[in-house]
Amino acid sequence: MLPERTLRQLGPAINSGRSIFLFGPPGTGKSSIAETLATLLKGNIVIPYVVQVGEQLVRVFDPSRHRPLVALDQRFDRRWVPIARPFVQVGGELTLEQLDLGYDPFSKVHEAPFQMKASGGVLLIDDFGRQRASPDQLLNRWIVPLDRDIDFLTLADGRKIEVRFDVLLVFSTNRTPSSLVDEAFLRRIQYKIELKSPTEPEFAEILRRVCAQQQLQYYPQAAEWIVEYAKQRNIALRSCHPRDLMTHLHAAARFLGKPAEITPELIELACETYFVPL
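Using our numbering, you'd call the opening residue of the sequence shown number 1 and step up by one each time.
Careful, some of the hints might be misleading.
Once the Cα atoms are required to be at most 25 Å apart in a straight line, the calculated SDA-like pairs of lysine to any residue come out as [stated by the list, open to error]:
1. Lys196 / Ala156
2. Lys258 / Glu202
3. Lys258 / Gln213
4. Lys192 / Gln213
5. Lys196 / Pro220
6. Lys42 / Pro26
7. Lys196 / Lys160
8. Lys192 / Thr39
9. Lys108 / Val144
10. Lys108 / Phe152
11. Lys42 / Ala13
12. Lys160 / Val109
13. Lys160 / Gly54
14. Lys231 / Gln221
15. Lys192 / Asp147
16. Lys192 / Arg208
17. Lys192 / Gly11
18. Lys196 / Leu10
19. Lys258 / His248
20. Lys160 / Glu55
21. Lys42 / Leu7
22. Lys196 / Gly17
23. Lys108 / Val60
24. Lys231 / Glu268
25. Lys108 / Arg164
26. Lys231 / Glu205
27. Lys160 / Val53
28. Lys231 / Glu202
29. Lys196 / Ile14
30. Lys192 / His248
31. Lys192 / Leu40
32. Lys42 / Ser19
33. Lys108 / Ala156
34. Lys42 / Val70
Computed spacing ranges between beta-carbons, pair by pair [to be verified]:
35. Val70 / Thr95: 17 to 23 Å
36. Arg5 / Ala251: 32 to 38 Å
37. Asn15 / Val53: 30 to 36 Å
38. Gln98 / Gln215: 40 to 46 Å
39. Gly17 / Val70: 25 to 31 Å
40. Asp147 / Glu228: 46 to 52 Å
Hints in this document: simulated from the structure, not taken from any laboratory. Quantities reported herein were computed from a predicted structural model and do not represent experimental measurements. All residues carry an ideal CB built from backbone N, CA and C; glycine is no exception.
Start from the sequences and build out the full structure, keeping to the hints where you can.
The structure is reproduced here in structure tokens:
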């Protein structure tokens, strides 16, 4: 569940297809929102299995990143693969080298970088600011693609190739934007959206929806018990708490040999094994 204010900010950002900077405390749904964006983009797309540049080959299709809409052996033209719009997520493991063409000297085939595999969909740079490359290095890498919608990649023989940059680029971070980027780069990121912790009514509504998804009978008192437990221990409410707590509740019920139900005992046990007093 998202507040109306956040929805009104996300709507224009999605329609524009421009870059988005999501920031806010951990557990407020930044990664989940970014993943949902790919499903909101209309239509499916077709990508080449491989791109040929002179005598060099660049493999684009990646079964770990792309979801084919037909069996690979049933394609109408085996040079192309119909897929759902891709969602590619990278986190702290990201390096600058991974944003350029990879090369296998044995097969003599290049591998497309993340942004090329995400073409037509969403590329999420998650937990921005904690990558192995510094924020400045990563930001400098995106200046030309964000300004001109093109990207330059380097082949193994040293040649540069120009490819279209058709990606909804999303940055997600728990840190404040001012601690990561300067004003000049923030201007290039078209939409900056802050995600805040849920209010108590919003928290209760999220819990109700989670209970419905997990086929648990919801009681309004359950949200009150959790909120009170968190308040007593100076724990801020997060949008992820209902889902995580109900997972703990199910595990506790199985261990105790009891039915999974919203009870004070199981709620307290779930809170005890999930929250850390601050």
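Against the structure, the hints come out as follows:
1. Of the pairs offered as hints, the one joining Lys196 and Ala156 is violated, with about 45 Å between alpha carbons and a cut-off of 25 Å exceeded.
2. Taking the CA atoms of Lys258 and Glu202, the gap is near 29 Å; set against the 25 Å cutoff, the hint is violated.
3. Of the supplied pair hints, the one linking Lys258 and Gln213 holds, its CA atoms being roughly 20 Å apart against a limit of 25 Å.
4. Pair hint Lys192 plus Gln213 does not hold up; C-alpha atoms about 31 Å apart against a cutoff of 25 Å.
5. A C-alpha spacing of about 22 Å is found between Lys196 and Pro220, which places the hinted pair at or below 25 Å, so the restraint holds.
6. Restraint check for Lys42 and Pro26: not satisfied, since their Cα atoms lie roughly 29 Å apart, outside the 25 Å limit.
7. A distance of roughly 42 Å separates the Cα atoms of Lys196 and Lys160; the hinted pair therefore is violated under the 25 Å criterion.
8. Using a Cα cut-off of 25 Å, the hinted pair Lys192 and Thr39 holds, with the two alpha carbons roughly 21 Å apart.
9. Note on Lys108 and Val144: the hinted pairing is violated, with a Cα-Cα distance of about 28 Å set against a maximum of 25 Å.
10. Between Lys108 and Phe152 the CA atoms are separated by roughly 20 Å; this keeps the pair inside 25 Å, and the hint holds.
11. A C-alpha spacing of about 14 Å is found between Lys42 and Ala13, which places the hinted pair at or below 25 Å, so the restraint holds.
12. Simply put, Lys160 and Val109 have alpha-carbon atoms about 16 Å apart, close enough for the 25 Å limit, and the pair holds.
13. Distance check on the hinted pair: Lys160 and Gly54 sit about 12 Å apart at the alpha-carbon level, within 25 Å; holds.
14. With a CA separation close to 15 Å, the supplied pair Lys231 and Gln221 stays within the 25 Å bound.
15. Of the supplied pair hints, the one linking Lys192 and Asp147 holds, its CA atoms being roughly 17 Å apart against a limit of 25 Å.
16. Proximity of Lys192 to Arg208 is assessed by CA-CA distance (about 29 Å); at most 25 Å being required, the pair is judged violated.
17. In summary, the hint linking Lys192 to Gly11 is supported, as the alpha carbons are separated by about 13 Å, within the 25 Å threshold.
18. Between Lys196 and Leu10, the direct Cα distance comes to roughly 14 Å. Compliance with the 25 Å bound is thereby established for this hinted pair.
19. At roughly 13 Å between alpha-carbon atoms, Lys258 and His248 fall within 25 Å of each other, so this suggested pair holds.
20. For the proposed pair Lys160 and Glu55, the alpha carbon gap of about 14 Å is at most 25 Å, so the pair holds.
21. For a cut-off of 25 Å, the pair hint linking Lys42 to Leu7 stands: about 18 Å separates their Cα positions.
22. The straight-line distance between the Cα atoms of Lys196 and Gly17 is roughly 23 Å, inside the 25 Å bound, and the hint therefore holds.
23. Under the criterion of a C-alpha separation no larger than 25 Å, the hint pairing Lys108 with Val60 is consistent with the structure, at around 14 Å.
24. A distance of roughly 14 Å separates the Cα atoms of Lys231 and Glu268; the hinted pair therefore holds under the 25 Å criterion.
25. Restraint check for Lys108 and Arg164: the C-alpha separation of about 23 Å stays at or below 25 Å, so the hint holds.
26. Of the pairs offered as hints, the one joining Lys231 and Glu205 holds, with about 18 Å between alpha carbons and a cut-off of 25 Å not exceeded.
27. At roughly 10 Å between alpha-carbon atoms, Lys160 and Val53 fall within 25 Å of each other, so this suggested pair holds.
28. A threshold of 25 Å between alpha carbons decides the hint, and for Lys231 with Glu202 the separation of about 16 Å falls inside it, so the pair holds.
29. This hinted pair checks out: Lys196 and Ile14 have alpha carbons roughly 19 Å apart, not beyond 25 Å.
30. For the hint linking Lys192 to His248, the alpha-carbon distance of about 34 Å lies beyond 25 Å, and the restraint is violated.
31. Only pairs whose Cα atoms come within 25 Å are accepted, and Lys192 paired with Leu40 is accepted, the gap being roughly 19 Å.
32. Simply put, Lys42 and Ser19 have alpha-carbon atoms about 17 Å apart, close enough for the 25 Å limit, and the pair holds.
33. With a C-alpha separation of about 9 Å, the suggested pair Lys108 and Ala156 falls inside the 25 Å cut-off, and the hint holds.
34. Between Lys42 and Val70 the CA atoms are separated by roughly 18 Å; this keeps the pair inside 25 Å, and the hint holds.
35. Against the hinted window of 17 to 23 Å, the Cβ-Cβ separation of Val70 and Thr95 comes to about 34 Å, which falls outside the hint.
36. Between Arg5 and Ala251 the beta carbon distance is about 35 Å. The supplied range of 32 to 38 Å therefore holds.
37. Remark: the range hint 30 to 36 Å for Asn15 to Val53 is upheld by a beta-carbon distance near 34 Å.
38. Between Gln98 and Gln215 the CB atoms are about 41 Å apart, so this pair conforms to the stated range of 40 to 46 Å.
39. In this structure the supplied range 25 to 31 Å holds for Gly17 paired with Val70, their Cβ-Cβ distance being about 26 Å.
40. Against the hinted window of 46 to 52 Å, the Cβ-Cβ separation of Asp147 and Glu228 comes to about 51 Å, which satisfies the hint.
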